[in-house]
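**Q** Dock chain to chain to rebuild the complex, using the hints, since each chain is given by itself in its own frame.
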Amino acid sequence: MVLIVGEERQEKIAPITYDLIGEGKELAEKIEEGVDCAYIGNRKNAGELLHYGLDRVFLLESDEFIEEEGASSLASLIEKIKPTIVLIGATNRGRSLAPRLAVKLETGLTADCTGLEINEKGEFLQIRPAFGGNVMATIVTKTLPKMATVRYKVMDRAHRTDEKSGSIQDVEPVPYNKKKILNLYPIEERGDITEAEIIISGGKGLGKKDGFKLIEEFANVLGGVVGASRKAVDDGWIDYSHQVGLSGRTVKPKLYIACGISGSVQHLAGMQTSEHIVAINENEAAPIFKVADVGILGDLYEIIPRLIDEVEEYRKKMGS
Amino acid sequence: MRIVVCIKPTPEGSELAISPETGTLEREKGDLIINPFDLYAVEEAIKIKEKQKEVEITGIAMAPPKGDSALREALALGCDRTILLTDREFAGADTLATSRTLAKAIDKLGFDLVICGMKSTDGDTAQVGPGIAEFLDISHVSWVSSILELGEKMVVKQMLEDCYREVEVGLPCLITVTKEINDPRLPSFKNKLKAKKAEIETWGLENLGLNPQECGLKGSPTRVVKTAHPSYRKEVEFVDEKGFIEELEEWRIL
Ligand SMILES: Cc1cc2nc3c(=O)[nH]c(=O)nc-3n(C[C@H](O)[C@H](O)[C@H](O)COP(=O)(O)OP(=O)(O)OC[C@H]3O[C@@H](n4cnc5c(N)ncnc54)[C@H](O)[C@@H]3O)c2cc1C
Ligand SMILES: Cc1cc2nc3c(=O)[nH]c(=O)nc-3n(C[C@H](O)[C@H](O)[C@H](O)COP(=O)(O)OP(=O)(O)OC[C@H]3O[C@@H](n4cnc5c(N)ncnc54)[C@H](O)[C@@H]3O)c2cc1C
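Listed in order, the protein sequences are those of chains A and B. In this text, residue positions in the first sequence follow my numbering: the first is 156, and each later residue adds one. In this text, residue positions in the second sequence follow my numbering: the first is 15, and each later residue adds one.
This is chain B alone, in the form it adopts within the complex (with noise of 0.2 Å):
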């Protein structure tokens, strides 16, 4: 079976560099790390491996060549194989064009099964995996907290807001998983090691054929125009006991 796993390389920590001058997010500052929803998706692959033979895992990424920090994170911990997609324009892609790009490596590395994070700590959309099954024109099944069974079928449980359903799917598909699936492992000491000194392939867009106008910037039909921290307007009346009774019963809450 072979395994693709999505893994976006995102800033570390949850406080952000933001310009406190001009509210833009300083992207380039700081490292990069797997998306920590993303080492879930890592985890079930590598506990699939661990039960069934002829298992190959793939991590993939689209990110700056910084990026590759992620990546070595990923082989540590006990992915066969990890690509980062990198090119000048692949950069500002909103989700459409970020699953189009993710979807056209997939399918040009082979899968059976394509495991997702539920959403990135950075973008926060949870648009991407699904967005890749679209392209790849794959079922697919968001908020995975547990694979039931996994064979020529799979039967994964889906979390839903009022309810969870056992979803049975055909292969191939894609996955995308919450916290509740696993426990993440830690990579061993010696792994680090390993993969600190590990080639990273990568891939560009003449690799994906891909057009430029699909990609990056130019192939997202969104764009964030403003970012601001979120403000609060409203000026606060101290009272005691007695003002708190006032204010219920004007409210019409007693």
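So here's chain A without its partners, still in its complex pose (with noise of 0.2 Å):
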């Protein structure tokens, strides 16, 4: 079996779950297995995902994610049931909780996986970028289970099922008492760019803080958000939020629009398996074009307004 960790944010499911899920079925074809859910939180979200095709979906009721608590009671839930494959977000709570589990069940674990093969050979192979997204490195895990975490919107997501299937089946939980969640505030999600369809990016080569202002006009007039590469959040011209890459969020809309983006492998690293790719650059060699699917050379100063004025004209034409 595959077996994947779902993941709870305060009492709801957090989508990297689907993205799980997603991929546990195409690796469970593969292996011809099926796929479990472990869901640490509440009923009621695993009863939601018993529509999305799972064979089983083990309850670890909770109110606060605890990694002791989580780890030695998914340890012996994977002793009993022995999965081949194990996936966990890699998100803080999910790279949290694996390597403690991973150690419990004396097993390798790869981290922040964006690719996951089986070979001709049966073999997993993991695929992770290191060294600063400057390595893909390829791990193969010799013990079972194979483990890994992986990274957010980089797998095609789960879609869910008017049908339900599977059953839920309880955890045992083992309590952990040395540890306690005095407090917990939610961190405002204001123009979160990850769940956005299209995202209009800027970077160093918009040559000032003004800059953005135009890259917001654009977006508005596409209707998407306004993303950022590191040098310009670091020159202070964007609130870090709006990061895309590496160090930054990783982003799989639609479509993106690189606006003075030199494409960097860090950047690249956020970008990349995003739908459509356009990018607006005024040197012909930039590495960005390698991504992209569309290149418009030139001052981008130059480009968006008349890019902006096209749009208004086709959307006068098509009469919206």
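Hints were generated in silico from the structure; no laboratory data involved. Don't take every hint at face value.
Capping the alpha-carbon separation at 30 Å, the derived lysine-lysine pairs in DSBU-like fashion look like this [to be verified]:
{"#": "1", "chain 1": "B", "residue 1": "Lys171", "chain 2": "A", "residue 2": "Lys333"}
{"#": "2", "chain 1": "B", "residue 1": "Lys232", "chain 2": "A", "residue 2": "Lys259"}
{"#": "3", "chain 1": "A", "residue 1": "Lys180", "chain 2": "B", "residue 2": "Lys248"}
{"#": "4", "chain 1": "B", "residue 1": "Lys122", "chain 2": "A", "residue 2": "Lys333"}
{"#": "5", "chain 1": "B", "residue 1": "Lys63", "chain 2": "A", "residue 2": "Lys334"}
{"#": "6", "chain 1": "A", "residue 1": "Lys259", "chain 2": "B", "residue 2": "Lys167"}
{"#": "7", "chain 1": "A", "residue 1": "Lys199", "chain 2": "B", "residue 2": "Lys171"}
{"#": "8", "chain 1": "B", "residue 1": "Lys67", "chain 2": "A", "residue 2": "Lys335"}
{"#": "9", "chain 1": "A", "residue 1": "Lys259", "chain 2": "B", "residue 2": "Lys122"}
{"#": "10", "chain 1": "B", "residue 1": "Lys122", "chain 2": "A", "residue 2": "Lys334"}
{"#": "11", "chain 1": "B", "residue 1": "Lys248", "chain 2": "A", "residue 2": "Lys276"}
{"#": "12", "chain 1": "A", "residue 1": "Lys335", "chain 2": "B", "residue 2": "Lys171"}
{"#": "13", "chain 1": "B", "residue 1": "Lys256", "chain 2": "A", "residue 2": "Lys363"}
{"#": "14", "chain 1": "B", "residue 1": "Lys240", "chain 2": "A", "residue 2": "Lys445"}
{"#": "15", "chain 1": "A", "residue 1": "Lys259", "chain 2": "B", "residue 2": "Lys171"}
{"#": "16", "chain 1": "A", "residue 1": "Lys297", "chain 2": "B", "residue 2": "Lys240"}
{"#": "17", "chain 1": "B", "residue 1": "Lys232", "chain 2": "A", "residue 2": "Lys297"}
{"#": "18", "chain 1": "A", "residue 1": "Lys472", "chain 2": "B", "residue 2": "Lys256"}
{"#": "19", "chain 1": "B", "residue 1": "Lys63", "chain 2": "B", "residue 2": "Lys210"}
{"#": "20", "chain 1": "A", "residue 1": "Lys445", "chain 2": "B", "residue 2": "Lys248"}
Being a predicted model, the structure only gives us computed values, none of them experimental.
**A** Okay, here's the thing in structure tokens:
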């Protein structure tokens, strides 16, 4: 079996869960096995997960995610159901939980994978960026289960169906009393870019903070949100929450437009799986053009206003 | 209070020596410095020492012999003692073997608090901290951006994607710290000179009482079987503004 570990955030199912189910199903098909989900959270959400074509949902009922409790309970579950592969989200919670679990099971754990494959020999290949994104490493694990944490937004999500499948089975909690969550303060997800369908990003090529006004206007016209490269963030032109890339957000929108961004490996690491990529840059040799479907060569301050005009004209013509 | 800080000696600079022919890492080249994220761990330990009585800080690293340069940096910054875990048998460790080896040494030293960086700039897994905690059978809190209280128990602020949590944990425990926690100081010239001459204590397999099967490559369930530069295959099509509109139409964005 493939076991995926679902995640709950403030009583909601974290979207990484659907990425894990989607990827879990793909792998399970190749090794001709099924997919189970272990869910740490509330019963209502576990019930919702029955709509995603899983074989079983194992519920560890908990109000508050505690790494030590999760690791102990999941370790006993895994020893019982003996999955071949265990996938966990490469989120802050997941990356805090998974190493403890791997040590308990004395098995290998591959971090923050962006690709998972089964090769002709049936080996499980785990692909991940390391060295600040300069290297893609392929890792194999010789023990069972083979564990990996998976980066958000790089895998194909599972879709909900109206039918239900499988059933909920309760996991015995192993209470842990050396740790207490005193308070939880939600961070306002103001202008969160990870869920956006259209992202227009600006980089150092804007030349000045004011350049983001143009990017914002462009984003408004297309119904998108504003992203940025790290240089633009480091220069204080825009808030970190907009940063796309290795040390920022990973995004996978329908359309990503990079304006005045050179396309460093670290930036590409955060957006190369976008469905469609457009790059606007004055340098034909900029590496961003290696991942772009469409390029527009020239000064962004001339190009973007023209694009805005064209889109508005198109809309007028189509009567919308 | 006995604080142990885990310091990973890492290659300097973000541009790493990668052989263009084979795509493998040329790890032998260049000096080893303190993993930049571990500077925050060292700084936090020093800040605790400045505020509390009887604090002893031990910096510990598992690395080849030349990793001593990173520990000298740690001494110059204010660690009281440093230990370099080095042995041929430790080479090629994945995070499981690394965590086990470090945990064994930390256990031998005795401790109240272990502080790790949030991740390394090379291996970049963020797995070693929680792994050590599990081997030591103690609590851990990852992604700590602030220590709010420190006494018999500690209260820390843990950063998650959607929220931050105030977590109370009993000592002994382990934390991994983020860049928000402090502004690391620079070592003084005088301390740098002093650290240059200091004797760095080294421990090997025998000092730790570990079995060679549990360390290094032999004790590692994962293997890096291939490293490559990220590759991109697309063929870009250059267009003008009319072409742009046509593409958006085709992609059903307009
Ligand atoms: C560990 C690590 C993590 C990192 N994480 C990230 C990350 O998360 N995100 C990230 O983005 N970077 C990250 N970086 C930084 C990254 O290496 C690059 O420095 C950064 O992405 C460059 O930003 P840029 O493309 O905006 O700037 P530059 O590389 O300076 O590129 C500017 C581009 O604008 C073009 N240009 C200039 N003027 C115009 C104009 N008038 N019209 C059109 N084009 C113009 C230029 O031709 C050039 O291609 C990281 C680096 C490291 C070492
Ligand atoms: C390209 C590549 C990919 C890799 N991928 C994986 C993988 O997916 N899974 C896996 O198990 N191993 C992997 N490894 C091996 C892993 O990098 C090593 O085990 C390494 O010794 C520790 O992991 P890290 O660098 O990721 O440290 P992290 O877990 O990111 O480091 C976190 C903190 O732990 C402490 N710490 C870590 N290492 C040491 C040390 N040697 N001495 C003292 N303190 C330390 C520091 O405080 C550090 O800030 C990979 C190695 C390479 C070269």
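**Q** Checked against the structure, which of the hints given earlier come out wrong?
**A** Going through the list in order, the structure violates no hint and respects every one.
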